[in-house]
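Undergrad: Each chain, letter by letter, is given below.
There are 2 protein chains.
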Amino acid sequence: MNLQDCRALDAQDPLRALRDLFEIADGTIYLDGNSLGALPRATAARVAEVVTQEWGRDLIRSWNSAGWFEKPRTVGDQIARLIGAAPGTTIATDSTSINLFKVLSAALRISAQRSPGRWRIVSERSNFPTDLYIAEALCKDKGWELVLVEPHEIAEALKDEKLAILMLTHVNYRTGAMHDMAAVTQAAHDAGVLVVWDLAHSAGAVPVDLTGADADFAVGCGYKYLNGGPGAPAFVWVNPRHADQCWQPLAGWWGHDKPFAFTPDYQPAPGIVRYQCGTQPMISLAALECGVATVLAAEPHGGMAALRRKSLALTDLFIALVEERCAGHGLQLVTPREHGQRGSQVCLSRSEGAYAIVQALIARGVIGDYRAGDGAGHPDILRFGFTPLYLGFEDVWHAVEHLRQVLESGEWRRPEFNRQHAVT
Amino acid sequence: MNLQDCRALDAQDPLRALRDLFEIADGTIYLDGNSLGALPRATAARVAEVVTQEWGRDLIRSWNSAGWFEKPRTVGDQIARLIGAAPGTTIATDSTSINLFKVLSAALRISAQRSPGRWRIVSERSNFPTDLYIAEALCKDKGWELVLVEPHEIAEALKDEKLAILMLTHVNYRTGAMHDMAAVTQAAHDAGVLVVWDLAHSAGAVPVDLTGADADFAVGCGYKYLNGGPGAPAFVWVNPRHADQCWQPLAGWWGHDKPFAFTPDYQPAPGIVRYQCGTQPMISLAALECGVATVLAAEPHGGMAALRRKSLALTDLFIALVEERCAGHGLQLVTPREHGQRGSQVCLSRSEGAYAIVQALIARGVIGDYRAGDGAGHPDILRFGFTPLYLGFEDVWHAVEHLRQVLESGEWRRPEFNRQHAVT
Numbered sequence: 001m002n003l004q005d006c007r008a009l010d011a012q013d014p015l016r017a018l019r020d021l022f023e024i025a026d027g028t029i030y031l032d033g034n035s036l037g038a039l040p041r042a043t044a045a046r047v048a049e050v051v052t053q054e055w056g057r058d059l060i061r062s063w064n065s066a067g068w069f070e071k072p073r074t075v076g077d078q079i080a081r082l083i084g085a086a087p088g089t090t091i092a093t094d095s096t097s098i099n100l101f102k103v104l105s106a107a108l109r110i111s112a113q114r115s116p117g118r119w120r121i122v123s124e125r126s127n128f129p130t131d132l133y134i135a136e137a138l139c140k141d142k143g144w145e146l147v148l149v150e151p152h153e154i155a156e157a158l159k160d161e162k163l164a165i166l167m168l169t170h171v172n173y174r175t176g177a178m179h180d181m182a183a184v185t186q187a188a189h190d191a192g193v194l195v196v197w198d199l200a201h202s203a204g205a206v207p208v209d210l211t212g213a214d215a216d217f218a219v220g221c222g223y224k225y226l227n228g229g230p231g232a233p234a235f236v237w238v239n240p241r242h243a244d245q246c247w248q249p250l251a252g253w254w255g256h257d258k259p260f261a262f263t264p265d266y267q268p269a270p271g272i273v274r275y276q277c278g279t280q281p282m283i284s285l286a287a288l289e290c291g292v293a294t295v296l297a298a299e300p301h302g303g304m305a306a307l308r309r310k311s312l313a314l315t316d317l318f319i320a321l322v323e324e325r326c327a328g329h330g331l332q333l334v335t336p337r338e339h340g341q342r343g344s345q346v347c348l349s350r351s352e353g354a355y356a357i358v359q360a361l362i363a364r365g366v367i368g369d370y371r372a373g374d375g376a377g378h379p380d381i382l383r384f385g386f387t388p389l390y391l392g393f394e395d396v397w398h399a400v401e402h403l404r405q406v407l408e409s410g411e412w413r414r415p416e417f418n419r420q421h422a423v424t
Numbered sequence: 425m426n427l428q429d430c431r432a433l434d435a436q437d438p439l440r441a442l443r444d445l446f447e448i449a450d451g452t453i454y455l456d457g458n459s460l461g462a463l464p465r466a467t468a469a470r471v472a473e474v475v476t477q478e479w480g481r482d483l484i485r486s487w488n489s490a491g492w493f494e495k496p497r498t499v500g501d502q503i504a505r506l507i508g509a510a511p512g513t514t515i516a517t518d519s520t521s522i523n524l525f526k527v528l529s530a531a532l533r534i535s536a537q538r539s540p541g542r543w544r545i546v547s548e549r550s551n552f553p554t555d556l557y558i559a560e561a562l563c564k565d566k567g568w569e570l571v572l573v574e575p576h577e578i579a580e581a582l583k584d585e586k587l588a589i590l591m592l593t594h595v596n597y598r599t600g601a602m603h604d605m606a607a608v609t610q611a612a613h614d615a616g617v618l619v620v621w622d623l624a625h626s627a628g629a630v631p632v633d634l635t636g637a638d639a640d641f642a643v644g645c646g647y648k649y650l651n652g653g654p655g656a657p658a659f660v661w662v663n664p665r666h667a668d669q670c671w672q673p674l675a676g677w678w679g680h681d682k683p684f685a686f687t688p689d690y691q692p693a694p695g696i697v698r699y700q701c702g703t704q705p706m707i708s709l710a711a712l713e714c715g716v717a718t719v720l721a722a723e724p725h726g727g728m729a730a731l732r733r734k735s736l737a738l739t740d741l742f743i744a745l746v747e748e749r750c751a752g753h754g755l756q757l758v759t760p761r762e763h764g765q766r767g768s769q770v771c772l773s774r775s776e777g778a779y780a781i782v783q784a785l786i787a788r789g790v791i792g793d794y795r796a797g798d799g800a801g802h803p804d805i806l807r808f809g810f811t812p813l814y815l816g817f818e819d820v821w822h823a824v825e826h827l828r829q830v831l832e833s834g835e836w837r838r839p840e841f842n843r844q845h846a847v848t
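Protein chains in written order, with the numbering used here: chain A, 1 to 424; chain B, 425 to 848.
Derived from the structure by calculation, the hints contain no laboratory data. It cannot be assumed that every hint is accurate.
To be verified - Here are the computed lysine to any residue pairs in the SDA-like style, where the Cα-Cα straight-line distance is at most 20 Å:
1. Lys564/B x Gln245/A
2. Lys142/A x Pro540/B
3. Lys564/B x Asp141/A
4. Lys140/A x Ala693/B
5. Lys258/A x Asp798/B
6. Lys142/A x Trp568/B
7. Lys682/B x Arg109/A
8. Lys564/B x Arg109/A
9. Lys258/A x Ser65/A
10. Lys258/A x Pro803/B
11. Lys566/B x Ala155/A
12. Lys682/B x Gly373/A
13. Lys682/B x Val423/A
14. Lys142/A x Arg533/B
15. Lys162/A x Asp209/A
Could you put together the complete structure from these sequences and hints?
TA: Put into structure tokens, the structure is as follows:
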């Protein structure tokens, strides 16, 4: 495989034209769409329209005329098409952490009603920390217990008769490893356990079928593969069989059955609407809608299945080129080689210099990121996300070539690449 | 008082130039800044910069280089100057409902620790409903009781030895009536009760001194008098003596002491930072910063005290003109005449047609809003907010003249003004 081969793959790529939906600076190879998706070309004009026309000119009338009040539901329905959810079951709102609090609280209430003897939540030790923090705080409040396990220990953990809820992130943020959602959900249900899925690294990245897997609850992120912009609203999905079973604790007026009756008592709306809480940031929500539209733009070209094929081809190529061209530089592959276990990112580890190598690459325009290890079983990670909407095979070639040069030259040892920033 | 007198008042107004900070369409008299503040002139360009430069060009680097990660704190510190809060005690984040859940939960925990026999929350029956819903859901979860009273019953309610928390909105959204924050807080503290203040209709509207009043907790809204745009992030303030006493339940990674250490266990940051939860919508937050800047722009002209003087002059004028020029049309003044009890809005009631009169005014470019009554003690309301930053005395004259014409002509009886919209 050489540069010409990569160019040939790009020339044959049926999704190639989708790259034009994005603003990517010349000289930038953006391998961090799993942290913050790139800017869609349509977003700036749409955001300007919301600011100057809908807000500036039409003012409060836009709550009706511009569909502001319904926007979390309409954007939620667009996201639903990417995650195997029915219309009217998904809301774009709040942050992933807050949505997780809502659904975890609901799962806890539902489980406590039907199985009062179950009071444990199991998750992965290397789950994204905010998920663990939210669960830890909820357990502390309720007298429940949060148990953290490694991925290979999940099957064993399901045998615990005190287990109520399994809370997993579908694609691991550190390793890129992906769970088999249908199989894990089935095993959990067989054990009498509810499952909460975090789709932060899945929605828009890999095919997801919440309905087919019969999942219980899901949350996900708007600013990664959905390209919704920094801190875009997140989303929440609840299986319709659970949605009306309880109040979620963040019982704000947007979840009320008749919010503009302004009655003093809370009456939750039917279905997913009760998972709304307060007023949503409309400008950021408009940007999210533009981002989701870029993923939906793949539908005529095969949709998530086609994006997945290209994603696997890109990550396969990256792995092969790293192993061929960066051999002998101490890089270890952390992400599973098996397609069924891999998300849309490739993670590498190295005993020394992971942070500095990432900084040196960023200085060359190859933007990935770094995630700290725990000094024990989980090493420092160089993380590279592959968004097939805007990445090509030639990009992969050049990214690996830069990585090779950074390693061979020892460039990463320079002091400027070893200074820590507040946000990694 | 006639139109010429109003023009003379505008000519003498030391705050007159601040109007140029806003985009207000010709022919619009905007009396709904208490629902959604008008668009500042600087916002569109700043938002475009965040979208195209900070996000589009600089991508994830902006978490450090553009100060994104610190933005809830830096904007919080700007809001702090308007509410008598010290630097480092206020965060711009999430929605008012969610922030209320955080502080009400914290107040409940602190009270339960020091006074286990207290398990009641008192609020006003006509408080903004989302505050009541959040409190109702929390009480339901904790086995506490929410008791709703009328404003004149608060002093009596404080005598209840089971009372733990008094939760009030400083300026009532329906009536414009304002509590004496210092006196009520003092009375509550004397009774062993914690006080949570909602500043939704106060921040940027009336002088607030949380520190001077020795308040316990406060939340407020970014999209009303702070002009932050539709659904702008809200804010939360906690008295430093309480901030470190407990975890708040929405214990997300942005409230962690070392969020980028990615450790699996939660360690709350010291102080107000632990009242953060998840990633914030940066585009909407940038718009909020522009909005707050318009209020801070009054500082060289006397700040909140000068804004307050003008606000009272505007609402005094509106009341006087309505009573003089709309006499005999069945309008009742709901807002207190006493300056010390009045926020920055004037509310009128009428036995019939309140909704339709507001719609007829909107069609004429005089934008106020309507709030439904309960068919009992609380009547339907015509609500007019007065933002001294962008309203003048001539605006008040014309607004009342339109109201007079709508009433005298019976124009409001037309069918198109009697159709209900989803959002009022």
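Undergrad: Are the hints correct? Go through all of them and say.
TA: Cross-check of the supplied hints:
Restraint check for lysine 564/B and glutamine 245/A: the C-alpha separation of about 15 Å stays at or below 20 Å, so the hint holds. Between lysine 142/A and proline 540/B the alpha-carbon distance is near 17 Å, which keeps this suggested pair within the 20 Å criterion. Between the alpha carbons of lysine 564/B and aspartate 141/A the distance comes to roughly 14 Å, so the proposed pair stays at or under 20 Å and holds. For a cut-off of 20 Å, the pair hint linking lysine 140/A to alanine 693/B stands: about 17 Å separates their Cα positions.
About 13 Å separates the Cα atoms of lysine 258/A and aspartate 798/B, which keeps this hinted pair within 20 Å; it holds. At most 20 Å may separate the alpha-carbon atoms for a hinted pair to count; lysine 142/A and tryptophan 568/B meet this at roughly 15 Å. Between lysine 682/B and arginine 109/A the CA atoms are separated by roughly 31 Å; this puts the pair beyond 20 Å, and the hint is violated. Using a Cα cut-off of 20 Å, the hinted pair lysine 564/B and arginine 109/A holds, with the two alpha carbons roughly 12 Å apart.
With a CA separation close to 19 Å, the supplied pair lysine 258/A and serine 65/A stays within the 20 Å bound. For the suggested pair lysine 258/A and proline 803/B, the alpha carbons sit about 18 Å apart, so the restraint of at most 20 Å is met. Note on lysine 566/B and alanine 155/A: the hinted pairing is violated, with a Cα-Cα distance of about 34 Å set against a maximum of 20 Å. For the hint linking lysine 682/B to glycine 373/A, the alpha-carbon distance of about 14 Å falls within 20 Å, and the restraint holds.
Our distance criterion of 20 Å between C-alpha atoms is met by lysine 682/B and valine 423/A, whose separation comes to about 10 Å. Simply put, lysine 142/A and arginine 533/B have alpha-carbon atoms about 13 Å apart, close enough for the 20 Å limit, and the pair holds. Of the pairs offered as hints, the one joining lysine 162/A and aspartate 209/A is violated, with about 28 Å between alpha carbons and a cut-off of 20 Å exceeded.
Violated hints for the displayed structure, listed by number in ascending order: 7, 11, 15.
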